[in-house]
Each structure stands twice: as structure tokens, then as C-alpha cells.
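Letter by letter, the sequence shown follows residues 4 to 292 in the working numbering.
Just so you know, these hints were derived from the structure itself, not from any lab. By construction, the Cβ of each residue, glycine as well, lies at the ideal position given by its N, Cα and C atoms. A couple of the hints might just be wrong.
Straight-line alpha carbon distances no greater than 27 Å define the calculated DSSO-like cross-link-like pairs of lysine-lysine that follow [as the list claims (entries may be wrong)]: (1) Lys203 with Lys33; (2) Lys142 with Lys77; (3) Lys214 with Lys136; (4) Lys156 with Lys136; (5) Lys214 with Lys229; (6) Lys106 with Lys142; (7) Lys136 with Lys229; (8) Lys156 with Lys214; (9) Lys83 with Lys55; (10) Lys45 with Lys136; (11) Lys77 with Lys55; (12) Lys33 with Lys45; (13) Lys257 with Lys229; (14) Lys136 with Lys77.
Distance ranges between label pairs, derived from CB positions [said to hold, decoys possible]: (15) Met206 with Leu255: 21 to 29 Å; (16) Tyr244 with Thr212: 35 to 43 Å; (17) Met206 with Ile258: 26 to 34 Å.
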Amino acid sequence: MYQILTDSECDLPLATLEASNVDAISFHTKIDDQDLINDFGKSYDINDFYQKIQSGTMPTTTQVNVGEYFEFFKPYVENKMPIVYVGFSSGLSGSMSSAHQAKEMLLETYPDADIRIVDTLAASGGEGLMVLKAIRLQKSGATLDEFVDWFDKNKMLLRSSFTVDNLNYLYHGGRISRTSAALGTLLKVKPILDVDPDGKLRMVSKTRTRKRSLLELADNTLATIKHEPDQPIIITTSGDYDAAEVVKARILEKISTADIQIYPIGMTISSHTGFGCVAVFAMGEAPRT
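Could you put together the complete structure from these sequences and hints?
The structure is reproduced here in C-alpha cells:
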């Protein structure tokens, strides 16, 4: 037996995690001088947060530090429970490094502890799909070694495709240059981005209208899932649920039996995308390049 752990950036419903006994550590966000914990909505209203960023408020985020990971892992280690942390991309946050440091600190005191760390190289619903796979692997009876081996071999199959409605947040978060943000805003560019093999964001293409960007997300996903059209698909959005439904409807036009769930994007990622981000996640046939 082993304990699956994750973090708030998986953007899955809390009820889903609790139903499978998955524990999650929370990232932090500050907005309007208020410190918030991304605890899946237990202590804040995500739609209120969306309204603030839609009005132009720029939040700041803080990665989970070593001490927090140490305290998160420690109770399981003390109880001699093997743990596996399925976490947020190291290409987008230094939190994964903090998790590894916490592991090494714990092993100094508990040298026999079994602590595994899986860098999903993904975020939001992409990380969420990885957590759902982790749950299925555990329920199927996979050993911890088999669990980690599956991720080593398959996590690069995950495909992410997303668009944003406001380039200033990508600039504010250091994801694009000031010039790109200004020029893109002037030309009303709606970018299509994905996550590269290093778990970092990259620009894939540009469109000139919101509708086209949403349809491109859907078409990218249809191409991704053609080998396995009945697989689970997650769509996430930072507040623009109507836009998310447009993407879902487009996919369902082509594959009426598609298994699609729509979830809100948490505060941390929304702080870097702004209001109106829409993202789609599914598993491809070949590794991302």
C-alpha cells in the first residue's frame, strides 16, 4: 500500500481527490493585499477571484517551500507509509525542486523511508489527468515500482493546448516579452500555446479571433485523440465557461461519445493566464516533441 499525494495545481474537484484518499498540498496567491491558499475553494470563492483578474488586478504567486513539503510528507513517513507525490511541472515552478529537497531532508532522519516524486511536466487539467491515472493504477493493484515506471514511460504522451484572452498576464508572469504582449494586444492576437517536453510553455500558433482560437483548441484535441477517441478529456478555464463549452461542443460534433469534463483553473495558474484562459488536455499516441 502507498499514499498518493499531489498539489492544488491539478485542478481536480476536491471531492474527486477525497473519494480516492489523495492528499494535496496548497500553493499560495496574493491579491489586493490578501493572502489566499489554493485549497480547492474551501476558503475562497474562485469566481470572485476571476472577477478581480477580469477587472485588471494582478495577483502574485508563491511556490510551495521546502518546509511546507517537509511537513506535508512527514506524517506519512513517520507512519512508515510509502508515498508518491505526483506534482506540478518543474518547468513552470520551483516547487518541484522544493519537494526533492524536502525528501532528502526526511531521508536524513528516516533513511528507510520510501518517497517517490513524479514530475508530471504538466499543469492544470494535464496534471489532473496524471493524478486520475495514478488513482486508476493504484486501484488496479500496481506496485509502487510499476506506478513510477508507467509515468516514466508515458507522461510525455500528455498533450496540452490552451489559449488566453489577455496577453498582459503572460507578460506579467514572465512567460512572454513586453513587446510581444503589446504588439499582440494591438493586433488582437489570440495565441495557441502548449507545454513542451521540458514542461514549459511555448507558442504554437496565432489566430486573430477568439472563436478561431477556441475551434483550433478543439481541432488540436481531435487530432490528438484519434487513436483513442473514448479517452477522458479535461477542459479547464479561468472563468469563461461559455468558451469552454464551445470547445466541448466542437469535439462532441465529431465524437459524440467523447468523455469530457470542464473544471475551473485554480488561482495560481489563473494569476498567470488572466481571465478567460481555456485549456484542453488529452493523451496522444506519440510523445510530445
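Against the structure, the hints:
1. Distance hint between Lys203 and Lys33 is fulfilled; the C-alpha atoms sit about 23 Å from each other, no more than 27 Å.
2. The straight-line distance between the Cα atoms of Lys142 and Lys77 is roughly 24 Å, inside the 27 Å bound, and the hint therefore holds.
3. Restraint check for Lys214 and Lys136: the C-alpha separation of about 32 Å exceeds 27 Å, so the hint is violated.
4. With a C-alpha separation of about 13 Å, the suggested pairing of Lys156 with Lys136 holds against the 27 Å cut-off.
5. Distance check on the hinted pair: Lys214 and Lys229 sit about 23 Å apart at the alpha-carbon level, within 27 Å; holds.
6. The hinted pair formed by Lys106 and Lys142 meets the criterion: a straight-line CA distance of about 25 Å does not exceed 27 Å.
7. With a C-alpha separation of about 19 Å, the suggested pairing of Lys136 with Lys229 holds against the 27 Å cut-off.
8. The straight-line distance between the Cα atoms of Lys156 and Lys214 is roughly 36 Å, outside the 27 Å bound, and the hint therefore fails.
9. Distance restraint check for Lys83 and Lys55: the Cα-Cα separation of roughly 44 Å exceeds the 27 Å cut-off, and the hinted pair is therefore not satisfied.
10. For the proposed pair Lys45 and Lys136, the alpha carbon gap of about 25 Å is at most 27 Å, so the pair holds.
11. Proposed proximity of Lys77 and Lys55 is contradicted: the alpha carbons are some 36 Å apart, above 27 Å.
12. This hinted pair checks out: Lys33 and Lys45 have alpha carbons roughly 16 Å apart, not beyond 27 Å.
13. Distance check on the hinted pair: Lys257 and Lys229 sit about 10 Å apart at the alpha-carbon level, within 27 Å; holds.
14. Distance hint between Lys136 and Lys77 is fulfilled; the C-alpha atoms sit about 25 Å from each other, no more than 27 Å.
15. The hinted range of 21 to 29 Å is satisfied by Met206 and Leu255, whose Cβ atoms lie roughly 28 Å apart.
16. For Tyr244 and Thr212, the Cβ-Cβ distance of about 19 Å falls outside the hinted range of 35 to 43 Å, so the restraint is violated.
17. Our hint of 26 to 34 Å for Met206 and Ile258 holds, since their Cβ atoms are close to 27 Å apart.
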